[in-house]
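Colleague: Residues per chain are reported as follows:
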Amino acid sequence: MTRGDGNKTILLVEDNPDDVELTLRAFEQANVANEVRVVGDGAAALELLLARGEHEGRERGDDPQLVLLDLKLPRVSGLDVLRELRSHERTQLLPVVVLTSSQEERDVVESYRLGANSYVRKPVDFAEFVEATRQLGLYWLVLNVGAPER
Amino acid sequence: MADPLQFLLDIAHRVQTREELEPALRELVEGLARLQGWDVGEAWVLGGDGKTIAIGTSWLRDEALDAFVRDSAGRGYQPDRGIVRRVWEGQRAVWYHDLAIVDRKEFLRWEAAERYGLHAGALVPIVAGERTLAVLLFFATETRERDEQALRLMRAASAQVAWLLERRVQIDARHRDQALLAASEGSFRSLFAENPLPMWVYDTTTFAFLEVNEAAIDLYGFSREEFLDRTILDVRPPEDRQALIEAVKSERPQLSRSGSWRHLAADGRVLDVDVTSHATTFEGREARLVVARDIGQQLRAEREEERQRGQLERQAEELERRVAERTAQLTAVNRELEGFTYSVSHDLRAPLRAIDGFSLALLEDRADALDERGRHYLERVRAATQRMGLLIDDLLALSRVGRVAVERREVDLAEVARGVLLELQELEPERVVEAVVPPTLPAAADRSLMAVLLHNLLANAWKFTSKTDRARIELGAERLDGEMAYTVRDNGAGFDMRYAERLFAPFQRLHTVDEFPGTGVGLATVRRIVQRHGGRLWADGEVGRGAAFHFTLGEGTP
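Residue numbers (the numbering used here), protein chains in the order written: chain A, 82 to 231; chain B, 2 to 559.
Read the hints as simulated data drawn from the structure, not as lab findings. Predicted model only: the values in this text are computed from it and were never measured. Take these hints with a grain of salt, some might be off.
[Unchecked claim] Some chain B residues near chain A, calculated using beta-carbon distances under 8 Å:
id, residue
1, HIS347
2, ALA351
3, ARG374
[Claimed, not checked] If you only want the chain A side, here are some residues facing chain B, beta carbon under 10 Å, derived:
id, residue
4, GLU102
5, GLU185
6, VAL211
[Unchecked claim] FRET-style restraints, in silico, Cβ to Cβ:
id, chain 1, residue 1, chain 2, residue 2, range
7, A, HIS169, B, ALA406, 29 to 39 Å
8, A, VAL101, B, ARG537, 43 to 53 Å
9, B, GLY340, A, GLU137, 32 to 42 Å
10, A, GLU135, B, HIS377, 48 to 58 Å
11, A, GLU186, B, GLU556, 44 to 54 Å
12, B, GLU318, A, PRO98, 48 to 58 Å
13, B, TRP539, A, PRO98, 46 to 56 Å
14, A, VAL101, B, HIS377, 27 to 37 Å
15, A, GLY142, B, ASP348, 34 to 44 Å
Where a beta carbon is used, it is the ideal one built from N, C-alpha and C, also for glycine.
This is chain B alone, in the form it adopts within the complex (with noise of 0.2 Å):
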């Protein structure tokens, strides 16, 4: 046997001169099978699972005993029993003079180590710290009583092997760490770098940037060198500029907002982005991490809608301006109607005045000056003027009904009716006319503009029943098409219903004014009064059998 400190020397230096762990442990079961005289040597390591045990590299004296290996390997290692599981954890060598006394439930491969004539066995566990990190098999086709010094020999070399082993796995751990961390870098330089919102690095003393992000370079045009050669500075109007060394001299660490800037593109358009930021050391440099958003377009879209509410804004003013525009000029309108009808009736019945006082005059002082015929005519001249007096005061009271505001209340019409009939009597006590008015006909309507209203149509049929016998006035009402509809009916000298249209215009009359005197402005002035209550009016009649007047009231009508 060789010198066992050469060997663990040798073994030392072969050990420390492998990168890897498989030749490494392969030189030290070689190395102990030899020098001890084994015939099979194997080293159980940890599966790649992490879990298991599992033969990591073997060594045979003979090759014949290859098989013994690949036949048996499978079967070496059970989860909670076995040789090996128990040297891995008990973490104690073991050395069995024959194998063929070992329960086969616990020596695992004792159908291949009978038929291969293995014996003797030794298990070392290699163990670095608390851990376990292989267990050293070797078996002889002979018998062998336990050898504390090849134990011992064992212990020391595995010491070795372990102190190789524990810095492998340190080394392997450092290495995957060292992975993991290049790949986090990564995944966190590509969040950085493809990030889709605009980011800087930028240095909190120089103000300069330290690194910037593709979305960046896309919103402000500069490339990574411009951008690289800029202070964040660069990029602000020159009015802000103060106010940004102000903000990052208070910046919180941590993370915060700093609102809404104004940022200068390359091209010098003016961006409006909402920053976010926060305190990093890039470099070994004292930085900020800024997130920029891009608010322009939110900001344009609350503008436009800002514009658009101005504008809608501003349209209603202008309608309303209108509005108060037309109002005023209808004002203006009515105002000067009222004049006009005003002076009316002062200035055009003052010559009316004077025509009948001269001519009345002139019959009374020169009556002897004229002749028959002469005083004839001035009597025509005083008929004729009293006429027009009659007309304009006509028209006035049509243009008065255009102009009265309606009052609609509650109006007994039957009351009314009967109140004009008497005044009719009253200024004809001659006249025998049957009236027939109902005890009482509710309406909703402005009472004095009914009061005219029936004065007309009463008055209307008193004058064209003046010739027919028996004459009848009639007021009645019937419900029509869900609305009242009112009826002043009389059998006097009627109409001929083609000219019916002509009835309501101011000035058309349908008879003489020798059959029937009048001026032709009361129906007119009816039309009026109905229309300023929202209603119809509408007339049926036939000549000399009668006429009937219909009317509606418009809307609060019972």
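Bound conformation, chain A alone (with noise of 0.2 Å):
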């Protein structure tokens, strides 16, 4: 049983709803059965996190506790979701896992760069999906210490 605390949220940013659906039954699968939020574009994103806009005012408490983030989004792309978040204080410690198709060497590093925490490419084999999904749930909510909270 790989379960997480249920106070631990996951945002989930896609914005195709095949992944969308696929992920959170791989996260079923997988027995993650932590909140899953989800939102559809890097600007939605950028607004929950960092508590803009309708997002005003939230509490740090209800902060998600690891960020799914693909890379192609509209509006704002994946990679500028994520300079943004390590450019605030607020964000600069959130774990942040690259979900995508793309295993171009240029995204890989970019994202490295831009300090995400792991990247995962999505394999076309569900089954795969699955056991990875269940790997990340098991690392970033589970055995991972996170950063003190300030």
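With the hints as a guide, dock the two chains, each given alone in a separate frame, to form the complex.
Modeller: Here is the structure:
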């Protein structure tokens, strides 16, 4: 069992509904029971995480514990989201896993350079994806000791 | 004897009225000979050569004596001796009462004188200033005592003639000088008139042309009269005239170059000329002699050269621009291609994941709604989806091989090969394959591309020996036509040489997927890597007896 802490929420930044549904299914199958919030574009992700716009005034205690970030997103791209997150004190240390179809070297390098904690390529084989998701959840939500809240 | 004074007046008159020297001397010689009773009279003068002395004129009382003069005249003078010579140089008159007593070495005509019975003789020099102009000689058939009075008359008459001769010589000299002057003036004139360079003389006060030469008339197209009607300002473009006036004012008198000017020809053409001038006086006027050299052709040649150089430069620029343009186009195409492969990796894979994921979801969640056949079909859908995923990945690898920069450095292919074989062995630990790899195999190539290349070739060999007993994979090299050829050889399934050409085209396979799985992109990737290194790739094989892939890596390979 790799059930994580129920209080820890995951933010999935993904615009493709197929991928959203399959990812949620993969979490379910991997027994990751944390709440998963989904936003469909980079701008929405930034508003939520930086408590701007409709999210203004959101308590820090409500912050997601893990962000799964696609790179190819409408409006603000995944890499720009990552860059923005790392430049704010509130989200500087937030674990961000880049979850994408691309295994272009420049994407991998750029992601790590901008401060991604992990880079996972979504495999075509769904069984493999379930396995990857399981390991992600286990590591980031159970094993990993996050930075102390200040 | 007639009155000597009358004689002198008479002779002076006659001499003065003679225009020519010869008749004047003749008058003198004849007058003196007749007056003083001489039988032969001669006047010796400087010859045409200016050195020897010869008889200029003679008078004879008796025609019979003509023979004496004729016979002996040639003998009368020697450059170093003789009585004529002595008188010429001594400038003193000499009287012989009888020539027979004179030393025969001195009196060169003694033989003729003896034959014609001449005895007495008198020699008188005609001297003007320092110069002896002539020597008068008189002979008589009888002996005669020295007669001072006769000598005085001779001297006086000689002085008359000396004056005449002097004047004559001066006149001659003046004539000669004038002739010379005329001649030299003529040649200098022709230097001007016939000079191939355009020349003219202008008045520095009025700027009027005073004289022009043929070359100027020829170049400018004005007639001589038209020129002389004009000033030098008329042959300039109006905008240059002020500058010309300034230039003339500041002109130095000596020879000076006033540089390049634009002149106007009669037909309005603009001539480019290089002007040199010198101050002079011409017919009493302050003037300048000008030589104008037409440098139009030179300038045109320079301009043409300049134009051609400019054209070349423009062509070079155009070429550079086009190269830059093409490079930009190529870069754009590459970027587009890169964008395309990026999209392929992102966008094509996403639906594949959906197909596979939802197929699996069906199998897992709705298995009861499907029969055996239905589940089989879904498995086939998943297999096809995953195969397409592999194809996309391989295509991306192939495109990446084409895009990355080749960094050539020393690579040990043997070491790379051992690493690849180890990976393959780990993936299929049950396989027993004999791998023959030399201790080292140096090459100058891109290390990461060599890793991809060897991975493809060795994985191929690994795959195609999967149904072979005692499988064997060998890496080797040999020098071929001066370059290293590397070989990956196996004893596996091999191939039909008839299809060898199709081996390296993408998606071309010589085996079914069921026999040996694969996408058919691996060897295309190998070929691309070899091409990127400037090398060659070829294969030989035989069905059931293995295959060998050979490649070279272009320049820089040890």
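Colleague: If a hint holds in the structure, say so; if it doesn't, say that too.
Modeller: Quick rundown of the hints versus the structure:
1. Evaluation of the B/HIS347 hint against chain A yields a held restraint, the C-beta minimum of about 5 Å falling below 8 Å.
2. Hint on B/ALA351 holds. Least Cβ distance to chain A is approximately 6 Å, under the 8 Å limit.
3. Annotation: B/ARG374 was flagged as interfacial toward chain A, and the flag is violated, the nearest CB pair being 22 Å apart, outside 8 Å.
4. For A/GLU102, the interface hint holds, since its Cβ comes within 10 Å of a Cβ in chain B; the closest pair sits about 8 Å apart.
5. With a cut of 10 Å, the hint placing A/GLU185 at the interface with chain B holds, because the nearest CB-to-CB distance is about 6 Å.
6. This hint holds: A/VAL211 has a C-beta 9 Å from the nearest C-beta of chain B, less than the 10 Å allowed.
7. The given range of 29 to 39 Å is respected by A/HIS169 and B/ALA406, whose C-beta atoms sit roughly 37 Å from each other.
8. Evaluation of the 43 to 53 Å hint for A/VAL101 and B/ARG537 yields a pass: the beta carbon distance comes to about 50 Å.
9. In this structure, B/GLY340 and A/GLU137 meet the distance hint of 32 to 42 Å, their C-beta atoms being roughly 37 Å apart.
10. Under the hint 48 to 58 Å, the C-beta atoms of A/GLU135 and B/HIS377, about 49 Å apart, fit the expected range.
11. Checked against the hint of 44 to 54 Å, the pair A/GLU186 and B/GLU556 fails, with Cβ atoms roughly 28 Å apart.
12. The hint said 48 to 58 Å for the Cβ distance between B/GLU318 and A/PRO98, and at roughly 55 Å that hint holds.
13. Between B/TRP539 and A/PRO98 the beta carbon distance is about 50 Å. The supplied range of 46 to 56 Å therefore holds.
14. In this structure the hint that A/VAL101 and B/HIS377 lie 27 to 37 Å apart at CB holds, the actual value being about 29 Å.
15. A hinted range of 34 to 44 Å for the beta carbons of A/GLY142 and B/ASP348 is consistent with their spacing of about 38 Å.
In summary, the structure is inconsistent with hints 3 and 11 from the numbered list given earlier, while agreeing with the others.
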